[in-house]
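**Q** Given the coordinates of chain A, work out where chain B should sit on it, guided by the hints.
Residue numbers (the numbering used here), protein chains in the order written: chain A, 1 to 295; chain B, 1001 to 1293.
Hint data in this document are derived by calculation from the structure and do not stem from the laboratory. Glycine is no exception: its CB is placed at the ideal position from the N, C-alpha and C atoms. Please note that the accuracy of each hint is not assured.
[As the list claims (entries may be wrong)] Chain A is faced by these chain B residues, among others (derived, beta-carbon under 7 angstroms):
1) Pro-1019
2) His-1096
3) Arg-1100
4) Ala-1107
5) Leu-1121
6) Val-1143
7) Gly-1144
8) Val-1146
9) Ala-1264
10) Val-1276
11) Thr-1278
12) Arg-1286
[Unchecked claim] Label-pair restraints from in silico Cβ distances:
13) A/Ile-92 - B/Leu-1137: 34 to 40 angstroms
14) A/Ile-213 - B/Ala-1279: 43 to 49 angstroms
15) B/Gly-1194 - A/Ile-276: 35 to 41 angstroms
16) B/Ser-1241 - A/Pro-136: 19 to 25 angstroms
17) B/Gly-1194 - A/Asp-122: 51 to 57 angstroms
18) B/Ser-1241 - A/Gln-251: 18 to 24 angstroms
[Claimed, not checked] Stretches of chain B that chain A covers, calculated by requiring three or more beta carbons in the stretch to come under 8 angstroms of a beta carbon on chain A:
19) 1229-1240
20) 1244-1256
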Amino acid sequence: MRTRRKLTTGRVVAWIAMITFVVVTVFPFWWMVRTALTPAADLFTDNSSLLPHDPTFINFLRVLGLTTEAEARAAGGSGAKIDFARYLLNSIIYCGLIAGCQTLFCAMAGYAFARLRFPGRDAVFAILIAALMVPPIFTLLPNFILVKDLGLINTMAGMVAPTILMTPFAVFFLRQFFLSLPRDVEEAAILDGNGPWGIFWRIALPMSRGPLITIGLTTIVWAWKDFLWPLLVGRGEENRLVTVALGVFRQQSPNTTPDWTGLMAASTLSVLPVLILLIFMGKRLVQSLNFTGSK
Amino acid sequence: MKTTKRRDDRRAAWWFLLPVLVGFAVFYGYPAIRGLWYSVTDYTMLNQPSFVGADNYTELAQDGQFWHSLLVTVWYVVLNIGSQTLLALGVASLMHRLTRSTVLRAALLLPWLVPNVTVGLLWMWLLDTNLGFVNNLLTSLGVGPVGFFTDAAWAMPTVAAINTWAYTGYTALLLYAGMLQIPQYLYESAAIDGANEWRMFRRITLPLLRPVLALVLVVSLIGSFQIFDTIAVTTFGGPVSATRVIYYFIYEQAFRYFHMGYAAAAAICLALILGVLTAIQMRLLRASRSDLA
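Chain B with its partners taken away, still in its complex shape:
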């Protein structure tokens, strides 16, 4: 025992770590520093970056488009996370009380496995104003066709609803996994005491699920802030900037207008917001561990 305790594997260790350290240094560490540098330069990918101090940031602070994109993103996050979390909670509770079928769970997982791009195209077709299935249905019910993607008021709720469709099953399965950790006897004794399902949900499921729920909520929130794919294939930020979210704003600044420095500054602002959310997530992760122990 003593010999294994005192051994030093430094030779072997660096070989074990070599690929990961190279990957980390080249594609995480180095670009993080480059990103900070670009954000204080004027850079179009054709010129040499030239230092401009905090100009990009002060310009951002006065850029109506930037603030609008943040506002639009928050609007999306509220719609998407609100509906997705409530629905997922409902579906998870139903599953928890009804069935453990793996087939059912696999079916719920399907939309999550599919690329967001496919989800976007699929719903563009279903919601098409002239030929789409949903508008056919609405018309036959006597409600006129709705321009889900072309009407500025509808576009964002539509995108949010699509992603709610795509991610509710996945979220429900995460919550369901949390519910399975709640001891069964709590429900049995509550049933003996004559509690109904709603009461059991309020008094047992919800309080004991809270740490898991909080964690899932923050993780989905972080994901939701990074909405891009769906918008990049359906609305391209339109109509009239109604869906020009922050990721799309950065993408356009960088790869349409080649304002690399400006885009880097905007990316850092977004990274700060996400960083705060991630820090909260880390705290919750620790909290949920101790709660369930």
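Extracted from the complex, chain A is given alone in its bound form:
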């Protein structure tokens, strides 16, 4: 325990600065929710108090596609079909597929690079690591053309294809971790007659829960925020992600009088899942920054 320091003027000022920063960070989210709960008709008259005078859930219902078109129009919608329930589900599938598969495959490769002996190991690893230097824009256009030629535009398969198998960073990060695992447990397992697969599944993976969760969480956050690639490949209604849907919603909304209450309700829905993630995994997420600080 550190000794409690005296409350000097300097510390009071420092606390005030800190709290101000936190308020500036969090307040916009409050204003987003507050707007989402305001009836569209009240937006001109009721936009200065911290709580809406006449709160309503209609904006959430209409962007979730739970109202009729007439009801949505009456509540300020443009009449275009909006179904954020579906987009949320798509985004969750997208994140789950990429985070799950990528973490597993990269753990397998990281383990092979760290522990198995085979000719060409270091050369192959060096080539993978060189790809860390290649910015995404370099492969974006050719990948789009490839996915288009394969006929995978507007499919979930086309959307997840470039990242579901690997990212160089995940391979690099997990290899570093496997290198740091103590060897003696594995050697005992070899003596017990386990092959590489047995050791990997029964020993290496269970011992690396922490780093696997770190990579998985980072990948989920990254995939949740992903916009340009799914915009190019998955613009169609069926596989549209939340981020792409927000962009489309914004473009459909008239420029002079945007559908602010609807947009804020949809924005709130795009924050909700990561907020839940933060509440349940906050400690992990914060700790993961110490690991991936070098990313």
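**A** Frame of chain A, contents of chain B only:
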């Protein structure tokens, strides 16, 4: 021991590596080569690419829009990285000297977890000229409403400020993690010597944080150069190209005008710039390891 040393796992190894190698070959290696090829062709996605030599590059060199987009991007990077790094350094130091609260850290992380698209929409609403919270506040203070996104002079500083808001907490937490590695006794003995907080920051925190700070700076710089999402939902490159950054330029060339070859050449120019920055990052990464050992 001898037997494990000499064993050869090549059979198993290729199965372990198979998914990653396939992913790498198909979505990194192959497109990298295709990208280089497209950049020296005339290609609209409808025709067969036809070789045109260095034409795309010479055209780029004379394209005012291209240079303008690079200039605009650098302007954004300066505004964004400058404000974000200074603020993050301040917040990290405050946290370092005041509290270790996980709740506080989680709150600072929230904007980073949110899609850039959401951040863009959220601030478009807060900064709306007629109904936005900020302009309401400004008007009640007697400062007229500001067209944050519609005024060409304001648009880029606005976009930069929005992303500073979104990424300062995250950056601060990275710097804070670096500060935690500085031994506590340095501060204790400095306090005994009667040093004040500002002096401790200048003489202890800043010099010992330097490797981490440099690394964080380069990483944010690389990210900042790739600004796209925020602009794609707020200004669409406007008003009058004021926010048409290089990523947006490439995007429009490729997917609005279908100048695939031209866009590929521009992407390679950007990749070269980012490649230099990444190479610096790698060096710093090695430097920071040896410094903190």
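**Q** Was the hint right that B/Ala-1107 lines chain A, CB cutoff 7 angstroms?
**A** This interface hint holds because 6 angstroms falls under the 7 angstroms limit.
**Q** Holds or violated: the stretch 1229-1240 of chain B covered by chain A, criterion of 3 or more residues with Cβ-Cβ distance under 8 angstroms?
**A** Holds, because 3 residues of the stretch 1229-1240 of chain B bring their Cβ atoms closer than 8 angstroms to Cβ atoms of chain A.
**Q** Does B/Thr-1278 pass the interface check with chain A, least Cβ-Cβ distance below 7 angstroms?
**A** holds (5 angstroms)
**Q** With a cut-off of 7 angstroms, does the beta carbon of B/Val-1276 approach a beta carbon of chain A closely enough for the hint to hold?
**A** Result: violated, 10 angstroms to nearest chain A Cβ.
**Q** At a threshold of 7 angstroms, is the proposed contact between B/Val-1146 and chain A supported by beta-carbon distances?
**A** Where the cut-off is 7 angstroms and the nearest Cβ of chain A is about 17 angstroms from B/Val-1146, the hint is violated.
**Q** May I ask you to test the interface hint for B/His-1096 with respect to chain A, counting a Cβ-Cβ separation under 7 angstroms as satisfied?
**A** This hint is violated: B/His-1096 lies away from chain A, its Cβ roughly 11 angstroms from the closest one there, beyond 7 angstroms.
**Q** Verify this for me: three or more residues of the stretch 1244-1256 of chain B with a beta carbon less than 8 angstroms from a beta carbon of chain A.
**A** It holds, with 5 qualifying residues against the three required.
**Q** Quick check on a hinted range of 35 to 41 angstroms for B/Gly-1194 and A/Ile-276, using CB atoms only.
**A** The hint (35 to 41 angstroms, Cβ to Cβ) is violated, given that B/Gly-1194 and A/Ile-276 are roughly 48 angstroms apart.
**Q** Hint B/Arg-1286 vs chain A: min CB-CB distance below 7 angstroms?
**A** This hint is violated: B/Arg-1286 lies away from chain A, its Cβ roughly 11 angstroms from the closest one there, beyond 7 angstroms.
**Q** Quick check on B/Val-1143 please, does its C-beta sit within 7 angstroms of some C-beta on chain A?
**A** violated (16 angstroms)
**Q** Can B/Gly-1144 be said to touch chain A, with a Cβ gap under 7 angstroms?
**A** Violated: closest Cβ of chain A sits about 18 angstroms from B/Gly-1144, beyond 7 angstroms.
**Q** Holds or violated: 18 to 24 angstroms for the Cβ distance of B/Ser-1241 and A/Gln-251?
**A** holds (19 angstroms)
Hint compliance for this structure: hints 2, 3, 6, 7, 8, 10, 12, 14, 15 are not met, and every other hint is.
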